[in-house]
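A.B. asks: Read off the chains here:
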Amino acid sequence: MSMSNLLAFTPWPPLSALILLVLLVTALYLARGTAHQAIHALFEALSRGFRLASYAVGNGEARLAARNREVLLAAGREAKERLVEREFVRVGDTVRKDLASYPDMQRRLSEAIVRIEEDQQKAVDVPPEAPGWAQAVEVVANIDSRNAGGVDILSDIHKSMVKAHAEAMEGYRKASSERHALLRRMMPDWRMIQDTLGRVNKSVTSVLERAVAIDRHMEEYGAIVRGEDRAVTVLSSSSVVYFFVSALVLAVATAGAAINFTLIARPMAEMVGGTSFIGAFRTADIAALVIIMVEVSMGLFLMESLRITRLFPVIGALSDKMRVRMMLVTFVILLLMASIEAGLAYMREVLLQDELATSSVLRGDAVAVVNQHLWITTAAQMGMGFILPFALVFVAIPLETFVHSLRTVMGLLAIGLLRILALLLRVLGNGSRHLGTLMQQFYDLLLFVPLWIETRMALAAAEEAAADAAEARAHRVDVESWQRQEAQS
Amino acid sequence: MTKRTLAMFAAALALGACGSSAPHNTGVYLLVDTSGTYNRQVSKAEQIIRFALSRLQPADSIAVARIDSGSFTEKNIIAKATFDDRPSAANQQKRAFASRVEKFIDESTPAPYTDITGGLLQALEFLKEKDTGRKEILIFSDMKEELAKGYVRADLPLDFKGVDVVALNVTKLRTDNFDPREYLSRLDAWRAKVEQGGGHWRVINDLDRLDGLL
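From first to last, the protein sequence lines are chains A and B.
Quick note: the first sequence uses our numbering, first residue 1, plus one each step.
Quick note: the second sequence uses our numbering, first residue 1, plus one each step.
No lab work stands behind these hints, which were simulated from the structure alone.
Keep in mind it's a predicted model, so treat the numbers as computed, not measured.
We treat Cβ as the ideally placed atom computed from N, Cα and C, and that holds for glycine.
Any given hint might turn out to be false.
[Unchecked claim] Footprint (simulated), chain A over chain B, 3 or more residues, beta carbon under 8 Å:
| # | stretch |
| --- | --- |
| 1 | 48-58 |
| 2 | 80-88 |
| 3 | 91-97 |
Given these sequences and hints, build the entire structure.
C.D. replies: The structure is reproduced here in structure tokens:
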């Protein structure tokens, strides 16, 4: 029904419109109470729904945060255990290295000390014998000089004394020389003792330093085990840093893999054909990609066998003998792959030259220019083909860090998203309630005329009621006063 | 468990095989007009052939045939090859092909009549047989058909579905200069014939701008 038809029930459309408007307003006024209830119910339901959803999302966020915290603490605990274990291994190595030679060192030290003691005993300075002649000389000196026989005696005594002195001096010199020789012989022993004790000191200092590091790690480990907030914060920020750093390194490694792919994709066409496709991709490209992926996998296994990474617990749990075998096998496969890649890189250069020659022939060029330094690029390509597989082995380290930190970072992101969602839902819930009130006001806005009349009527009715009440009160007062007068009379 | 794994592997292979069923290679058939005065233009055809060879990939097919009095015959094919899927072998084939074409260009003699329709029919047969993913017929001609007595080429059902037909170096004849409508109507007639057969028609006269070709 069009508007013109609607307004055609009277000859005058404005009159029809006015009648319709009056009818509509009347209908809306009559339905006002029900409409208000409906609006209120609708928006209240919406508000409750949003608040409930916000509450549910908040709960989910709390559960996720708790789980993330557990994951973070578990990862931190594991990392710390590894660190402490490694420190203990280092301490063990130091102690084993020094203690293994300790009996030998002790024996050598004891021997050196015994030798020094013996030499020291031998080197005791023996004072020269006191001349037994001194008293005799004094007596002889007191003899009267006129006695000529005394002069001869003195002369003989002098001679004997000079001779005895010379012999004593000779003996003393000889003894001193022997003592000096003994002392000289003690020098190497002293040096040996000094060196040995220096080494022991160094080892002890190293062990003490390791002990300090272990103490620090154990303190942090304790904080993690107790689940302290500080430890969680530190682990969380560390995870984010590790995530970005490992992502950066992985991006670099991906670029390396892309170069590797470029090196071998073209010559792979010679092996598997250049025209077969698997889906939308050339088989040669897929084959090149598979080779690179196999190299990366071998690198992962090698790193696992070396216990540098711990992505596969099965490999870590293998016996040492088996691990060494696995290490050798993966290394040999990698070596073969690298050799194959070097060969393919050489083949690539040959193919390029062939294509250039063909293009030259097809262009009609008389003589193709031969680059004298072509061997440099060929050698560089071969070198890259050989080295890149080994370089890709180290992808395992950032990959492990990336995988481990990814869980935490994803958890943090999910928590952030859930928090925003919960906030949004809460805002929507509150907004819905206010919107309901606003809609009621808008509804009343359409009915401002009857509502104004209603208000006026209500006011008039209230005034009339007040007047009636006042009159009734006055009447009651009159009656009460009359009754009192009657009672008094 | 093993059976299940094998079944999954077979399914993956089948999926891969399904994906690779559509051929990705290109088939090119080049018709070189050797009739009358156009034979002098043949040396330019060598440029086109070399260009086509440089653009073709391993496993692509190419054939060069001449248009003369009766072109619907295998004898008119000067050289044809389907390149090996190994790039090095394909390069050798390209060089050998180029030398065969060079020999033909040197020894080409003018023909009295021009059987373009017969050549097109032969080209369609060749491309249909090769079943390449992309099919191109390159016609190096002035597109003026002149049939010898006894040759019937009218109302032949030419199926150009999925075939790109490119007319190259369509030179103007002396009569075209008098009345250009003749030239235009000749090209329109060929366009109509190709498009009615379900093909796609193009004309390239500037041989220095062959980038859009192949």
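A.B. asks: Now tell me, hint by hint, if it's right for this structure.
C.D. replies: The hints, checked one at a time:
Counting residues of the stretch 48-58 of chain B whose CB lies closer than 8 Å to any CB of chain A gives 6, which reaches the minimum of 3, so the coverage claim holds. For the stretch 80-88 of chain B, the stated coverage by chain A holds: 4 residues have a C-beta nearer than 8 Å to a C-beta of that chain, and at least 3 were required. Look at the stretch 91-97 of chain B against chain A: 3 of its residues bring a Cβ nearer than 8 Å to a Cβ of that chain, three or more, so the hint holds.
No hint from the list above goes unmet by this structure.
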